[in-house]
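Asker: Here are the chains, one letter per residue:
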Amino acid sequence: MLGLALDFAFVALAGAFALAALRLVIGPSVPDRILALDTLYVDAVAITILLGIRHDSLAYFEAALLVALIGFVSTAAFAWYAARGELGR
Amino acid sequence: MLGAALEAGISFCLVVGGFFALVGSIGLVRLPDSLMRLHAPTKATTLGVGGVLAASLLYFLGSGRFVVHELLIVLFLFVTAPVSALMLARAAIRLRLSSRARLPKPEDYA
Numbered sequence: 001m002l003g004l005a006l007d008f009a010f011v012a013l014a015g016a017f018a019l020a021a022l023r024l025v026i027g028p029s030v031p032d033r034i035l036a037l038d039t040l041y042v043d044a045v046a047i048t049i050l051l052g053i054r055h056d057s058l059a060y061f062e063a064a065l066l067v068a069l070i071g072f073v074s075t076a077a078f079a080w081y082a083a084r085g086e087l088g089r
Numbered sequence: 001m002l003g004a005a006l007e008a009g010i011s012f013c014l015v016v017g018g019f020f021a022l023v024g025s026i027g028l029v030r031l032p033d034s035l036m037r038l039h040a041p042t043k044a045t046t047l048g049v050g051g052v053l054a055a056s057l058l059y060f061l062g063s064g065r066f067v068v069h070e071l072l073i074v075l076f077l078f079v080t081a082p083v084s085a086l087m088l089a090r091a092a093i094r095l096r097l098s099s100r101a102r103l104p105k106p107e108d109y110a
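Just so you know, the protein sequences line up as chains A and B, in that order. In terms of the numbering used here, the first sequence opens at residue 1 and continues consecutively. In terms of the numbering used here, the second sequence opens at residue 1 and continues consecutively.
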């Protein structure tokens with residue numbers, strides 16, 4: 001049962017990844033693309049955690065934490081740049 | 001090694017997490033304008049990741065290894081998702097993207 005649920009979660013997250021990537025490619029405005037990139041980061045965190053469960057390993061948590069951190073910082077920087085047209089200040 | 005009830009709970013969390021992550025991305029593709037699209041991934045996807053992390057917490061708790069990393073990641077994601085949503089909404093207002101919703105003008109908005 002656990003294996004089946006794990007498979008379902010992998011497939012659902014792969015679908016989520018594909019749809020977010022679609023929005024990243026077509027998304028008409030800049031905030032749409034930034035939002036799609038943020039969604040990709042969050043989905044990447046979830047997939048990393050799922051890999052940790054599947055391989056029964058604790059080594060994936062640091063990677064997931066780092067991906068979450070870098071994702072937030074890059075989203076904040078992109079959104080700041082989209083709103084102001086420059087970084088800094 | 002895991003009890004049947006615990007395994008059922010982990011499976012439930014995994015299914016709920018995967019489902020909500022998928023719903024968030026479907027909303028990201030299907031909703032009509034930029035500020036509406038902001039709604040789906042920032043809430044549904046966050047809940048989806050929360051479900052997956054709860055499953056991971058239960059799994060490693062059940063196999064006798066308690067790790068605080070999941071709690072850290074959940075806390076971090078739940079704190080940062082509204083912040084990035086706010087920044088993106090502000091960028092969308094500054095760029096004067098059209099929306100069905102009535103928005104404040106950028107001049108009234110610090």
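It is worth saying that the hints were derived from the structure and are not from the lab. Honestly, I wouldn't trust all of these hints.
Unchecked claim - Computed footprint of chain A on chain B, listed as stretches where at least three residues anywhere in the stretch have a Cβ under 8 Å from a Cβ of chain A:
| hint | stretch |
| --- | --- |
| 1 | 14 to 23 |
| 2 | 26 to 38 |
| 3 | 53 to 62 |
| 4 | 72 to 79 |
| 5 | 82 to 88 |
To be verified - Pairwise CB distance ranges (calculated):
| hint | chain 1 | residue 1 | chain 2 | residue 2 | range |
| --- | --- | --- | --- | --- | --- |
| 6 | A | MET1 | B | ARG96 | 49 to 59 Å |
| 7 | A | ALA21 | B | ASP33 | 18 to 28 Å |
| 8 | B | ILE26 | A | ASP7 | 16 to 26 Å |
| 9 | B | VAL29 | A | ILE70 | 22 to 32 Å |
| 10 | A | ASP56 | B | ARG96 | 45 to 55 Å |
| 11 | A | SER57 | B | LEU71 | 26 to 36 Å |
| 12 | A | ARG84 | B | ILE26 | 25 to 35 Å |
| 13 | A | PRO28 | B | LEU61 | 37 to 47 Å |
Beta carbons: idealized from backbone N, C-alpha and C, even for Gly.
Asker: Please go over all the hints and tell whether each is borne out by the structure.
Answerer: Structure-based check of each hint:
1. 14 to 23: Contact hint for the stretch 14 to 23 of chain B vs chain A: holds, 7 residues under 8 Å.
2. 26 to 38: holds (count 6)
3. 53 to 62: holds (count 5)
4. 72 to 79: This one holds; 4 residues, not fewer than the three required, reach chain A with a Cβ under 8 Å.
5. 82 to 88: n = 4 at 8 Å, threshold three: holds.
6. MET1(A) with ARG96(B): 49 to 59 Å: holds, 51 Å
7. ALA21(A) with ASP33(B): 18 to 28 Å: Distance hint for ALA21(A), ASP33(B) holds at roughly 20 Å.
8. ILE26(B) with ASP7(A): 16 to 26 Å: holds, 20 Å
9. VAL29(B) with ILE70(A): 22 to 32 Å: This hint holds: roughly 24 Å between Cβ atoms.
10. ASP56(A) with ARG96(B): 45 to 55 Å: Check passed, 51 Å falls within 45 to 55 Å.
11. SER57(A) with LEU71(B): 26 to 36 Å: Because 18 Å falls outside the window, the suggested range is violated.
12. ARG84(A) with ILE26(B): 25 to 35 Å: holds, 32 Å
13. PRO28(A) with LEU61(B): 37 to 47 Å: holds, 45 Å
Violation of the numbered hints given earlier is confined to hint 11; every other hint is satisfied by the structure.
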